[in-house]
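J.: Single-letter residue listing:
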Amino acid sequence: MPRLLEGSIAVAQTVGRCRPDVIAAYPISPQTHIVEALSRAVCAGDLGDCQLLNVESEFAAMSACIGAAAVGARPYTATASQGLLYMSEALFNASGLGLPLVMTVANRAIGAPINIWNDHSDALSQRDSGWIQLFAESNQEAVDLHVQAYRLAETLSLPVMVCMDGFVLTHAHEPVEVPDAAAVDAFLPRVAPAQVLDPDAPQTIGAMVGPEAFTEVRYLMHHKQMAALDAIPQIAEEFAAAFGRDSGGLVRGYRLEGAETVVVAMGSVLGAIEEVVDELRDDGVPVGALALRCFRPTPAAELRAALAPARRVVVVEKAMSPGTGGIVGADVRRALDGCDTRVHDIIAGLGGRPITKASLRTLLARAREDRLGSLGFLDLDRDRVAAELARAGTPTAPGGHAAQALAAAGLWEEDA
Amino acid sequence: MTDEPRIRYAQVGTRAVGNRLLDPEQRALQSDPRRANAITSGHRACRGCGEALAARSVVDAAMAAAGGRVVAANATGCLEVFSTPYPESSWQLPWIHSVFANAPSVAAGMAAGLRAQGREDIRVLGQGGDGGTVDIGFACLSGMFERGDDVLFVCYDNGGYMNTGVQRSGATPPGASTTTTPAVPGRPGAELSQGKSAPLIAMAHEIPYVATATIADLHDLEAKVRRAMEIRGARYLHVLSTCPLGWGSDSALSVELARLAVETGLFPVFEARDGEVVDVTPIRRRRPVEDYLRPQRRFAHLFEPEPQRDVLDALQRRADRTIARFGLDRHA
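Residue numbers (this note's numbering), protein chains in the order written: chain A, 503 to 918; chain B, 48 to 379.
Check the hints yourself; a few may be wrong.
As the list claims (entries may be wrong) - So the derived label-pair ranges between C-beta atoms look like this:
id	chain 1	residue 1	chain 2	residue 2	range
1	A	Ala742	B	Glu135	42 to 48 Å
2	B	Glu193	A	Glu718	39 to 45 Å
3	A	Glu718	B	Arg279	19 to 25 Å
4	A	Ala807	B	Gly165	37 to 43 Å
5	A	Arg505	B	Arg279	39 to 45 Å
What the hints assert, rightly or not - Quick look at which bits of chain A chain B covers, simulated, 3 or more residues with Cβ under 8 Å:
id	segment
6	513-527
7	551-562
8	572-578
9	590-597
10	780-789
It should be emphasised that the hints constitute simulated quantities derived from the structure, not laboratory data. Just so we're clear, the structure is a prediction, and the values are computed from it rather than from any experiment. Glycine residues also receive a C-beta, built at the ideal position from the N, C-alpha and C atoms.
Could you put the whole structure together from the sequences, leaning on the hints where they help?
T.: Below you can see the structure in the form of structure tokens.
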């Protein structure tokens with residue numbers, strides 16, 4: 503039976519049922535409630551011999567998880583934002599070593615300026631780290647993804663990040679069904695690790711590799727990620743069979759049939775997007791939505807299959823690459839290479855700014871009128887930007903890149 | 048460990064390998080052909096490398112103390128680079144290298160992972176150079192100490208970033224010339240600062256065991272590893288390890304220079320438990336610091352073209368202070 507639970511508590515209970523051997527974490531909002539709840543469980547003896555390490559940094563947390571995985575233990579950690587960046591070096595190392603790890607990222611903006619609220623800047627900044635990155639749309643899915651993540655990590659011997667929107671999900675109370683303990687045990691049998699530090703069979707992990715083999719090692723990492731594209735939907739299917747819920751997988755389409763415009767997004771914003779899609783469909787507008795549930799590896803074939811029939815794709819993304827634009831949008835464009843479908847990147851919801859249904863409706867109206875550029879910023883306060891540009895005296899040559907970018911950003915705002 | 052000899056010594060009848068002319072019970076473990084030989088020959092260390100010698104002694108002693116049930120985490124650095132050029136590895140025990148700064152945390156995770164699995168018979172060793180220990184790895188090390196993780200962490204201190212080309216570290220001795228503290232006229236080389244004593248900082252954590260040792264006394268080094276392995280919790284061993292490349296010294300002098308560092312009072316050899324010094328190795332024959340400095344090119348600018356008396360005096364005062372502080376002079 504679903505129970506009304508805070509997202510963090512539901513995740514903590516689920517992670518506990520995944521029977522981690524070592525939990526190493528460092529406090530950072532909005533991840534704290536997860537680790538606090540797990541700490542209570544460990545100290546109450548609810549998690550058996552699970553070891554809790556209150557480490558001195560996120561870098562140490564990830565490093566301890568690497569050590570724990572290397573001796574065949576099942577580790578867990580959670581972080582967000584600056585914490586994820588602080589462990590970045592160890593993230594690349596964990597994937598390079600091919601260690602099975604699971605980490606929750608309570609997605610949060612990255613400073614400066616410091617901001618504790620939700621966006622996807624943290625996880626997306628680590629897109630090349632070699633971690634699988636799964637995004638939850640709801641707390642139920644966040645819970646379910648953790649069970650699937652351990653299965654995936656241990657099947658392929660690679661690290662998996664479960665991303666859930668900070669505060670929006672972590673601190674939201676929703677009815678959630680925490681997966682049954684016995685069913686989780688059955689879903690997560692202990693498997694012999696691909697590599698383990700064992701005195702009975704000594705091996706060296708983490709040797710120095712030169713030009714003669716480094717490319718091959720990296721290629722094999724890529725190959726494993728490609729294999730994950732097959733494993734992720736298969737595990738989601740098995741999960742659905744065992745727990746009776748559809749969650750996980752690569753992408754999930756919503757009212758795509760005959761859609762001229764498709765909105766692509768990740769995480770909890772899909773809820774608002776789907777409501778707007780329903781309203782527009784009621785008005786006879788052919789729009790649909792596509793939830794990108796797996797950001798890394800990129801499910802290019804699935805994106806193409808779902809999006810190629812559409813006239814246009816509006817990628818609503820909660821992160822950006824300054825000087826370039828959208829991040830998810832770039833992946834979508836690559837997936838649609840050679841198709842006529844136009845792709846519009848809309849940067850939205852940065853640093854916790856709400857993405858309202860009203861803004862989405864306006865956005866989609868402009869999309870239908872073909873008035874979106876390749877890059878736009880939802881609800882950009884143009885007066886504030888203009889005032890700051892004037893105050894700072896930032897040089898903007900007429901007709902130059904910066905001036906054109908301003909025009910492009912203002913294009914669909916001007917006739918609001 | 049099996050009784051089958053693992054090693055065939057080429058030299059016989061010398062004092063070179065662990066005093067093999069002594070009675071068997073007095074010999075160093077390194078003289079025992081059945082020792083683990085945890086770092087096999089063929090690695091890429093420089094001739095006269097103090098770190099290779101120190102690490103082999105430490106790991107073999109730890110293996111002997113734990114019945115061969117040891118796993119190791121290594122920081123990035125010379126020891127890691129020279130021992131594991133893919134597809135080769137010198138390590139005869141389970142060994143992992145993650146990144147530069149995190150060896151203490153990886154080791155802590157290993158200890159926790161083993162404990163959770165009820166495999167505490169397997170002991171965890173962490174190791175790194177002075178850069179990986181006293182500089183970039185210091186936060187992880189302090190956290191490991193403070194939590195009391197069941198790890199023996201060993202720092203092989205050669206006083207600089209030798210792997211990257213002899214740059215200054217927090218453990219570079221004052222007055223030493225490095226590629227980032229070059230000796231130019233009017234400057235002493237590395238700053239004449241108060242330095243950074245990792246062993247004393249380790250003691251401030253009141254962990255059960257802290258000791259220093261050098262490659263000049265393998266009996267002492269092995270005994271300290273043995274005693275450290277008798278204890279559970281966070282333990283720290285700081286081993287002065289000569290670096291012919293970085294120090295600009297004759298590779299044949301590696302052991303001798305380590306001995307001179309002790310006999311001049313520049314490197315105190317002691318043992319501490321629960322934050323208190325419980326034993327020191329007294330200086331047998333006290334020597335002026337110049338005897339230690341002169342054979343090393345990194346200190347050559349202190350003598351040529353003109354002796355830098357003020358710097359040499361400062362270094363002598365530093366040695367005198369260390370001798371007084373630890374009570375190293377048996378005749379005092």
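J.: Honestly, do B/Glu193 and A/Glu718 meet the 39 to 45 Å range at C-beta?
T.: 41 Å, holds
J.: Quick check: the segment 590-597 of chain A, covered by chain B? Criterion 3+ residues, Cβ under 8 Å.
T.: holds (count 3)
J.: Are there at least three residues in the segment 513-527 of chain A whose beta carbon sits under 8 Å from a beta carbon of chain B?
T.: Coverage by chain B holds here, the residue count being 3 at a Cβ distance below 8 Å.
J.: Apply the coverage criterion to the segment 780-789 of chain A and chain B: a residue qualifies when its Cβ sits closer than 8 Å to a Cβ of the chain, and three qualifying residues are needed.
T.: violated (count 0)
J.: Does the beta carbon distance between A/Ala742 and B/Glu135 stay inside 42 to 48 Å, or does it fall outside?
T.: Given a distance of about 47 Å, which is inside 42 to 48 Å, the answer is holds.
J.: CB of A/Ala807 to CB of B/Gly165, is that within 37 to 43 Å?
T.: With a Cβ separation near 49 Å, A/Ala807 and B/Gly165 fall outside 37 to 43 Å, so the hint is violated.
J.: Taking beta carbons only, do three or more residues of the segment 572-578 of chain A come closer than 8 Å to chain B?
T.: It holds, with 5 qualifying residues against the three required.
J.: With 19 to 25 Å as the target window, see if A/Glu718 and B/Arg279 comply at their CB atoms.
T.: 42 Å, violated
J.: How does the coverage statement for the segment 551-562 of chain A fare against chain B, requiring three or more residues with Cβ below 8 Å from a Cβ of that chain?
T.: With 10 residues closer than 8 Å to chain B, the segment 551-562 of chain A meets the three-residue bar; holds.
J.: Could you check the hint for me, namely that A/Arg505 and B/Arg279 are 39 to 45 Å apart, CB to CB?
T.: 42 Å, holds
Hints 3, 4 and 10 from the earlier list are contradicted by this structure; the remaining hints agree with it.
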